[in-house]
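2 protein chains.
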Amino acid sequence: MSTLFSDRMQDVPRSFIREILKAAIDPDIISFAGGLPNRALFPVDELHEASEHVFKEQGRTVLQYSNSEGLIELRGWIADRYRLRHGIDISAEQILITSGSQQALDLIAKITLNDGDQVIMEEPGYLGAIQALSLYRPRFLPVGVSEAGLDIDGLQDCLERGSPKLMYMVPNFQNPTGITYPAANRLAVAELIKDTDTLLVEDDPYGELRFRGEDIGSFYHLLPDRTLLLGSFSKTVVPGFRLGWVAAPIALMDKLLIAKQATDLHTCNLTQAIITYYLKNSTIDDHIQNIRAVYGRQCDAMIAALKQAFPADVSFTRPDGGMFIWAQLPPPLTAMQFFEHALAHKALFVPGEPFYTTDAPRHSFRLNFSCVDEGTIATGIDRLAEAFRVLG
Amino acid sequence: MSTLFSDRMQDVPRSFIREILKAAIDPDIISFAGGLPNRALFPVDELHEASEHVFKEQGRTVLQYSNSEGLIELRGWIADRYRLRHGIDISAEQILITSGSQQALDLIAKITLNDGDQVIMEEPGYLGAIQALSLYRPRFLPVGVSEAGLDIDGLQDCLERGSPKLMYMVPNFQNPTGITYPAANRLAVAELIKDTDTLLVEDDPYGELRFRGEDIGSFYHLLPDRTLLLGSFSKTVVPGFRLGWVAAPIALMDKLLIAKQATDLHTCNLTQAIITYYLKNSTIDDHIQNIRAVYGRQCDAMIAALKQAFPADVSFTRPDGGMFIWAQLPPPLTAMQFFEHALAHKALFVPGEPFYTTDAPRHSFRLNFSCVDEGTIATGIDRLAEAFRVLG
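Each protein sequence line maps, in turn, to chains A and B.
Quick note: the first sequence uses my numbering, first residue 74, plus one each step.
Quick note: the second sequence uses my numbering, first residue 74, plus one each step.
Same shape as in the complex, but just chain A:
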């Protein structure tokens, strides 16, 4: 049956995380592999109350088919928040509700990419973006990410070599590294991009989860006509609703809408209504403040445990927010070698490989600190350290 499948299916990497999670059925394993928010922080009671209200007040309406754009009240709330909290002038008409921001990636690729079109991708970069975009068979142009932000020379090279359609980035608390692009780096990136035909896809699922330092403005400030700004309620409210959005230049909205309609007609109506009621009747800022405080403590606990348990030649990032720490092993030790020993010691992480668009053994790996409590973090890092000692 192999001729039955489309060529694009040869290009898409299988989710490494999915495979790992299958291996991690053992309940004794401590996993830092997933990208899950801490479920203890879910506002279950408030969403339950919102659900009550929606069923009673809007039952038949929210259960019917709806429009492809998404609920106008929800789009309006998002636009208001951009304006009031971030000083970004985006109208509700520029916002398309999607089935998680993952779907926004699919739709953006759908409306822009022909086979072989160039896409600038952070290296390392979000594996879900690599997966989503791979289905449209682009030629990835990797540009390195470090504590200094995006590699400006590398970016300039890419822009001189070709004419990329898209450039994908997570400038706040990046997945997988936890790095935040400094303000000056963003200015330099925008300066290089502004006279090109490249669209900037700014994926910002973690921007609200800053537990240290000051917010740095969105690329939307710098390149309003060329930025597609992706957001999500998965990290600030709950992921199970699958609610995200893309805020796009108005010239792109019509095509995005056609693609959305052809792909799944519209996003689930009930959860849109529930979250809208929740956002309008709860103190979302207090809730987010609480998430920040907890994740900050969990991040600090992980950093303290890493410093204590590992020798100095194992380095790691110190994020100001988000959910991930990125660690580097001393070569020639590879992340996959370490992974096998870690698994035997019942602790999990994601080796670096799936965050790259090229095949090569990696010495880096991703640790998630959002999902489990501080005590579990300490125990898990101890297990990793023990696995590391065995290798040494």
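Mixed in with the good hints, there may be bad ones.
Because identical chains share one entry, a pair is satisfied inside a single copy or across any pair of copies.
In silico lysine to any residue, SDA-like type, Cα no more than 25 Å apart, as pairs [said to hold, decoys possible]:
{"no.": "1", "residue 1": "Lys129", "residue 2": "Thr356"}
{"no.": "2", "residue 1": "Lys380", "residue 2": "Pro322"}
{"no.": "3", "residue 1": "Lys267", "residue 2": "Phe78"}
{"no.": "4", "residue 1": "Lys129", "residue 2": "Val117"}
{"no.": "5", "residue 1": "Lys353", "residue 2": "Arg154"}
{"no.": "6", "residue 1": "Lys353", "residue 2": "Val117"}
{"no.": "7", "residue 1": "Lys419", "residue 2": "Gly465"}
{"no.": "8", "residue 1": "Lys129", "residue 2": "Asn354"}
{"no.": "9", "residue 1": "Lys129", "residue 2": "Glu119"}
{"no.": "10", "residue 1": "Lys129", "residue 2": "Asp386"}
{"no.": "11", "residue 1": "Lys419", "residue 2": "Asp270"}
{"no.": "12", "residue 1": "Lys129", "residue 2": "Ala113"}
{"no.": "13", "residue 1": "Lys419", "residue 2": "Ala113"}
{"no.": "14", "residue 1": "Lys129", "residue 2": "Leu109"}
{"no.": "15", "residue 1": "Lys267", "residue 2": "Ala257"}
{"no.": "16", "residue 1": "Lys129", "residue 2": "Leu352"}
{"no.": "17", "residue 1": "Lys267", "residue 2": "Gln410"}
{"no.": "18", "residue 1": "Lys129", "residue 2": "Ser355"}
{"no.": "19", "residue 1": "Lys129", "residue 2": "Lys353"}
{"no.": "20", "residue 1": "Lys419", "residue 2": "Arg456"}
{"no.": "21", "residue 1": "Lys129", "residue 2": "Leu214"}
The hints are simulated quantities; they were obtained by calculation from the structure and are not laboratory data.
Given the structure of chain A, go ahead and fit chain B onto it with the hints provided.
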């Protein structure tokens, strides 16, 4: 910005219905244009109760990320129903939960179609399928549908001319015609397909909505290794949840799952859990029986009104189930000419054009009978008859 868009966006037709619905903001208009179920039949109280239970018993679990396949309990329920009600041996492992069956079309196209691959499409056929598949740039091979079912000579021609990857059909109460393929026709279709490499996409959103006659078996009986069977809760429970599925040969599941994961990770968890509780704790067969009875009466009311109000040279189908009637105007009168007069008389339908993959003026149009009550149907058909008299 036109070079920014992918070539595939040139091929996808804009939804005619969407445009029509925009024109139909006037609340005095009676619309037979949409494909909406009757919202008076939604089991609001039962779903509300199910939601209560889910929030209380599974709150944090259903609000977290989940697997891409969908809830195993829901997949199991669907598999049981296929086996117990339809005698179809499909396992839960063969079922992928999708964000409406519209998304199943997108995923199937994604994993199978290269640019220019041939797709056999019923003519006239479901406009949403034409839209979804168009984004993958196939070459459509139209095969006519009549009361006799699919045109067997036309199908044979297509199979001899090329090697279509997919064949799309709605054999039960087809959209837009309301026609059901007779059993002998299905046998003839299966006989032609069985030794080819063509996959049969059997879209069955209306199969449960039979209000006359006996069920005719799925193509899955005839071609179990070559049939992708699509189902939906949109017509039997509610559309606002966006819950559908594809039941596929096991050899295709792995690729479908990769595509699903790359496209939106997974379908909304909360609504999956709510509908699972509802299906297991309510009498869904009584509920469906009620829908059938109501739609049967509404269909009869529309047929009676059409017979009384229109001359004999306006013909129409007599469906045994589903939601649609297909009408034919006497040439040279086109559906678009009639549409303009109908709109002036404040009644709406969908002219035939978007149900075809080739451009030509059409003399046929689609009427929906599920959405409004019998009295409104009578008034609306009177308005259409008045518009027709003005033209004559």
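Taking the hints in turn, this is what the structure says about them:
1. Lys129 - Thr356: both (22 Å within a copy, 22 Å between copies)
2. Lys380 - Pro322: neither (45 Å within a copy, 51 Å between copies)
3. Lys267 - Phe78: Answer is between: at 18 Å across copies they meet the 25 Å cutoff, but 39 Å inside does not.
4. Lys129 - Val117: both (18 Å within a copy, 9 Å between copies)
5. Lys353 - Arg154: Classified as within: same-chain Cα gap 11 Å, cross-chain 40 Å, threshold 25 Å.
6. Lys353 - Val117: both (16 Å within a copy, 24 Å between copies)
7. Lys419 - Gly465: within (18 Å within a copy, 81 Å between copies)
8. Lys129 - Asn354: Both. Shortest intra-copy (16 Å) and inter-copy (20 Å) distances satisfy the 25 Å Cα cut-off.
9. Lys129 - Glu119: Both: 15 Å inside a chain and 12 Å across chains, each within 25 Å.
10. Lys129 - Asp386: Classified as neither: same-chain Cα gap 59 Å, cross-chain 48 Å, threshold 25 Å.
11. Lys419 - Asp270: Neither: 48 Å inside a chain and 46 Å across chains, both beyond 25 Å.
12. Lys129 - Ala113: The answer is between: 15 Å across copies meets 25 Å, while 28 Å in one copy does not.
13. Lys419 - Ala113: Answer is within: at 23 Å inside a copy they meet the 25 Å cutoff, but 54 Å across does not.
14. Lys129 - Leu109: between (32 Å within a copy, 22 Å between copies)
15. Lys267 - Ala257: So Lys267 and Ala257 pass the 25 Å test inside one copy only (15 Å; across, 63 Å).
16. Lys129 - Leu352: both (18 Å within a copy, 21 Å between copies)
17. Lys267 - Gln410: neither (43 Å within a copy, 48 Å between copies)
18. Lys129 - Ser355: Close inside one copy (18 Å) and across copies (20 Å); limit 25 Å.
19. Lys129 - Lys353: both (17 Å within a copy, 23 Å between copies)
20. Lys419 - Arg456: Within one copy only: 7 Å inside a chain, 72 Å across chains, cut-off 25 Å.
21. Lys129 - Leu214: neither (51 Å within a copy, 48 Å between copies)
In summary, the numbered hints that this structure violates are 2, 10, 11, 17, 21.
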